[in-house]
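**Student:** Full structure from sequences and hints, please.
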Amino acid sequence: MRMIALLILIIPGLLGVYGIKLLRDSFFLKTSVPFSWIESVAAASMLQGTFGLLIAMGGIGFVAGYIFNRDKKTGKVPRIDS
2 MRMIALLILI IPGLLGVYGI KLLRDSFFLK TSVPFSWIES VAAASMLQGT
52 FGLLIAMGGI GFVAGYIFNR DKKTGKVPRI DS
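In the working numbering, the protein residues as written are 2 to 83.
Just so you know, not all the hints are guaranteed correct.
Here are the in silico distance ranges between beta carbons for each label pair [to be verified]:
{"no.": "1", "residue 1": "R80", "residue 2": "I12", "range": "29 to 35 Å"}
{"no.": "2", "residue 1": "K77", "residue 2": "P35", "range": "37 to 43 Å"}
{"no.": "3", "residue 1": "P79", "residue 2": "A43", "range": "43 to 49 Å"}
{"no.": "4", "residue 1": "I12", "residue 2": "W38", "range": "25 to 31 Å"}
Straight-line Cα separation of at most 35 Å, DSBU-like style, residue types lysine-lysine; simulated pairs [said to hold, decoys possible]:
{"no.": "5", "residue 1": "K77", "residue 2": "K22"}
{"no.": "6", "residue 1": "K74", "residue 2": "K22"}
{"no.": "7", "residue 1": "K73", "residue 2": "K22"}
Hint data in this document are derived by calculation from the structure and do not stem from the laboratory.
For each residue, glycine too, the CB sits at the ideal point set by N, CA and C.
**Tutor:** Written as structure tokens, this is what we have:
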């Protein structure tokens, strides 16, 4: 069961790492294979950067949500009384 949970966390984590790589490459105006068909370097870089930002936020957000939910179940997150 722990192996399945580890795999569930590794896949979004790797997606987050790939998104950060796309962001870095777009910052230095280097296009990756999925975006090399676009002739304009600036347009390809902007599309790659946007795609990288979405993937990075999704992957990191999934892992953060998983950790937050686990900590909430074990009582490590304090309740806010309003």
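**Student:** If a hint holds in the structure, say so; if it does not, say that too.
**Tutor:** We went through each hint and held it up to the structure:
no.	hint	verdict
1	R80 <-> I12: 29 to 35 Å	holds, 31 Å
2	K77 <-> P35: 37 to 43 Å	holds, 40 Å
3	P79 <-> A43: 43 to 49 Å	holds, 47 Å
4	I12 <-> W38: 25 to 31 Å	holds, 27 Å
5	K77 <-> K22	holds, 33 Å
6	K74 <-> K22	holds, 33 Å
7	K73 <-> K22	holds, 31 Å
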